[in-house]
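> One-letter residues, chain by chain:
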Amino acid sequence: MTTELLQVHNLKQYFPIKGGIFGRKINDVKAVDDITFAINEGETLSIVGESGCGKSTTGRAILRLDEPTSGEVTFDGEDLLSLNKKEMQKKRKDLQIIFQDPYASINPRQTVRQVLNEAMEIQNVLPKEERYDRMIELLETVGLGPDKLDRFPHEFSGGQRQRIGIARALAVDPKMIVCDESVSALDVSVQAQVLNLLQKLQKDLNLTYLFISHDLGVVRHISDRVLVMYLGKIVEIADKKSLFDNPKHPYTKTLLSAIPVPDPNAKKEQIVLKGDVPSPIDPPTGCRFHTRCPFATDRCKEEVPELRQNENLMGEQHQAACHYIEEIESGEMQPKY
Amino acid sequence: MEPSSNIIEVNDLRTSFFTEEAEVKAVDGVSFSVPSGKTLGIVGESGSGKSITSLSIMRLIQEPGQIVGGEINFKSDNLLDKSESEMRRIRGNEISMIFQEPMTSLNPVFTVGDQISEAYRIHQGLSKKQALQKSLEMLELVGIPSPKDRLKRYPHELSGGMRQRVMIAIALACKPELLIADEPTTALDVTIQAQILRLINNLQDELGMSVVLITHDLGVVAETCDYVAVMYAGKIVEYADVQTLFESPKHPYTVGLLSSLPRHDIDQEELQVIKGMVPSPTNMPEGCRFAPRCPFATDLCKEQLPTLDDLEDGNQVRCWVYSDKWDGDPEVNVKDDYGTATSS
Numbered sequence: 001m002t003t004e005l006l007q008v009h010n011l012k013q014y015f016p017i018k019g020g021i022f023g024r025k026i027n028d029v030k031a032v033d034d035i036t037f038a039i040n041e042g043e044t045l046s047i048v049g050e051s052g053c054g055k056s057t058t059g060r061a062i063l064r065l066d067e068p069t070s071g072e073v074t075f076d077g078e079d080l081l082s083l084n085k086k087e088m089q090k091k092r093k094d095l096q097i098i099f100q101d102p103y104a105s106i107n108p109r110q111t112v113r114q115v116l117n118e119a120m121e122i123q124n125v126l127p128k129e130e131r132y133d134r135m136i137e138l139l140e141t142v143g144l145g146p147d148k149l150d151r152f153p154h155e156f157s158g159g160q161r162q163r164i165g166i167a168r169a170l171a172v173d174p175k176m177i178v179c180d181e182s183v184s185a186l187d188v189s190v191q192a193q194v195l196n197l198l199q200k201l202q203k204d205l206n207l208t209y210l211f212i213s214h215d216l217g218v219v220r221h222i223s224d225r226v227l228v229m230y231l232g233k234i235v236e237i238a239d240k241k242s243l244f245d246n247p248k249h250p251y252t253k254t255l256l257s258a259i260p261v262p263d264p265n266a267k268k269e270q271i272v273l274k275g276d277v278p279s280p281i282d283p284p285t286g287c288r289f290h291t292r293c294p295f296a297t298d299r300c301k302e303e304v305p306e307l308r309q310n311e312n313l314m315g316e317q318h319q320a321a322c323h324y325i326e327e328i329e330s331g332e333m334q335p336k337y
Numbered sequence: 001m002e003p004s005s006n007i008i009e010v011n012d013l014r015t016s017f018f019t020e021e022a023e024v025k026a027v028d029g030v031s032f033s034v035p036s037g038k039t040l041g042i043v044g045e046s047g048s049g050k051s052i053t054s055l056s057i058m059r060l061i062q063e064p065g066q067i068v069g070g071e072i073n074f075k076s077d078n079l080l081d082k083s084e085s086e087m088r089r090i091r092g093n094e095i096s097m098i099f100q101e102p103m104t105s106l107n108p109v110f111t112v113g114d115q116i117s118e119a120y121r122i123h124q125g126l127s128k129k130q131a132l133q134k135s136l137e138m139l140e141l142v143g144i145p146s147p148k149d150r151l152k153r154y155p156h157e158l159s160g161g162m163r164q165r166v167m168i169a170i171a172l173a174c175k176p177e178l179l180i181a182d183e184p185t186t187a188l189d190v191t192i193q194a195q196i197l198r199l200i201n202n203l204q205d206e207l208g209m210s211v212v213l214i215t216h217d218l219g220v221v222a223e224t225c226d227y228v229a230v231m232y233a234g235k236i237v238e239y240a241d242v243q244t245l246f247e248s249p250k251h252p253y254t255v256g257l258l259s260s261l262p263r264h265d266i267d268q269e270e271l272q273v274i275k276g277m278v279p280s281p282t283n284m285p286e287g288c289r290f291a292p293r294c295p296f297a298t299d300l301c302k303e304q305l306p307t308l309d310d311l312e313d314g315n316q317v318r319c320w321v322y323s324d325k326w327d328g329d330p331e332v333n334v335k336d337d338y339g340t341a342t343s344s
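Going line by line, the protein sequences match chains F and W. Residues in the first sequence are numbered from 1 upward in steps of one, following UniProt numbering. Residues in the second sequence are numbered from 1 upward in steps of one, following UniProt numbering.
Which stretches of chain W does chain F cover? Using the computed rule of at least three CB atoms under 8 Å from a CB of chain F, they are:
id, region
1, 219-225
2, 252-261
3, 264-273
These are calculated hints, taken from the structure and not from any lab test. Please read these numbers as outputs of a predicted model, since none were measured by experiment. Glycine residues also receive a C-beta, built at the ideal position from the N, C-alpha and C atoms.
Please model the entire structure based on the sequences and the hints provided.
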């Protein structure tokens with residue numbers, strides 16, 4: 001029986017735009033607009049989408065690195081948004097994050113020993129005398145030698161630095177880790193090393209990952225389930241196989257078709273979208289994708305589609321937010337390019 | 001290959017950076033040619049020297065860097081013999097370049113129209129009015145909606161994809177014979193990347209230009225290039241037509257790179273990795289530069305640098321496995337045995 005470790009309900013994250021001479025709020029950037037999902041214990045759920053779709057904001061809101069505007073975040077049975085600052089800090093022992101840029105997320109003036117020690121100190125995870133052994137163990141876990149303990153971040157390559165970021169997250173023995181574009185800055189040969197490491201750690205330590213990425217190759221490799229976002233909304237959520245083999249939302253289909261395949265013989269139909277992603281300040285009414293969708297009708301302009309499932313066409317855990325899943329599938333509706 | 005059919009031939013190009021401690025050989029004896037009207041992809045990871053190669057062709061290497069040797073023959077003239085003012089007439093006119101980051105390569109204080117017109121006014125001596133008219137046509141060509149209005153806009157008022165289209169409009173304004181695109185879509189989202197790659201491809205057909213595409217993305221290479229040069233630590237390790245490179249890669253580095261790539265279109269059990277990391281440019285291995293990370297490396301590989309040799313099919317590889325001197329397993333097949341060799 002799988003248990004849900006994290007539940008997110010109706011999460012909204014608006015950032016106010018201030019302007020005018022009195023600095024009054026004139027509008028909001030609706031970065032994340034009413035999303036609901038859950039993550040099971042021990043699984044990897046990925047959030048994918050293009051820049052500005054709200055994927056990183058979602059990760060930060062869950063950890064309360066930004067205060068969410070409204071909604072509910074339940075972690076391990078506890079409502080995170082009701083905790084005060086101190087309680088939340090304690091909670092972060094179970095809920096860690098690894099950032100994209102290993103150059104910016106580690107203090108350049110601290111040695112690896114100080115970085116790891118600080119994490120353990122704050123969460124008070126081990127008595128002082130046992131910490132040294134734990135640090136050596138952590139370094140070995142992430143594939144760095146014990147001789148690296150007293151080095152500074154600038155002495156490491158990008159891949160090694162990301163390993164330090166991982167060691168820091170593991171230092172407090174978390175239940176769940178949010179990986180925010182954690183391998184995006186790395187070259188492919190090193191990226192593969194770090195991905196394999198993350199998978200091995202998950203198996204050994206029964207970790208749960210929320211994996212945020214724009215790279216669908218990486219996502220296919222590491223995920224159990226995938227959630228696709230567009231302009232602050234979830235457009236599709238499914239187990240990995242359904243999402244990649246049987247995408248239902250026109251946006252997901254476009255996204256998958258747009259990625260170049262490293263095989264010159266791969267025959268595929270490429271759907272090239274017109275235009276850019278609209279601004280999240282004034283998102284389109286109705287379905288947010290309607291301005292770029294080749295199937296859009298008047299209904300799409302007015303009515304917001306809810307996430308839904310069609311038993312005949314989709315797997316049990318597969319949901320998409322489109323009015324016309326059936327019509328597109330049957331060919332009754334044809335794309336207008 | 002007929003020499004006359006190549007738009008550009010680079011021979012033994014060497015570009016170094018001189019620091020206080022040492023000479024860093026960023027590009028170390030690189031040779032390749034681009035057939036007219038075709039696209040050559042140069043792929044490699046950070047620090048492989050692919051961008052420095054492209055900057056060297058444009059003669060845009062700045063202190064403490066210097067082109068220390070070689071030839072760059074563009075239409076039978078050696079670009080390295082040209083004076084700075086001659087180069088200025090070639091850049092943006094016969095050879096153009098697009099950079100990765102459209103925000104930093106556009107001037108923030110001039111309008112889009114001013115920046116495209118500049119190319120026409122300098123290279124073709126057009127009047128301001130004529131140049132603006134031409135700029136408008138260029139913006140239409142690269143598919144910018146309401147181009148007339150956009151002429152008066154500043155770069156910050158445009159999205160990333162739009163800025164890259166403006167960059168392309170500037171680069172193609174004088175209908176260059178060769179376009180060098182250095183990671184043109186790396187900063188863009190995939191749906192926008194697809195638009196831009198398609199645009200470059202269409203314009204290439206329309207204008208009959210040749211393209212050198214610098215990228216780290218093997219997917220982009222497979223979809224857009226005719227020929228591929230794989231660079232590692234300042235040297236080309238493999239040169240092949242795109243079909244051969246992906247179907248039967250020869251060099252262990254190419255094989256490793258292809259198998260460490262997570263793919264969205266197929267299921268993979270575990271990613272093969274390339275062990276270790278790129279050597280430091282100040283401390284290059286003596287023999288083959290890939291030897292410390294190569295699962296097939298022998299003593300020969302560690303001691304002697306292999307040359308870039310021609311294969312029967314006209315492609316080239318820099319690896320001892322394919323030479324008569326090979327002292328390892330004579331039956332070895334780099335592509336098929338890579339997985340077992342790395343895991344053992």
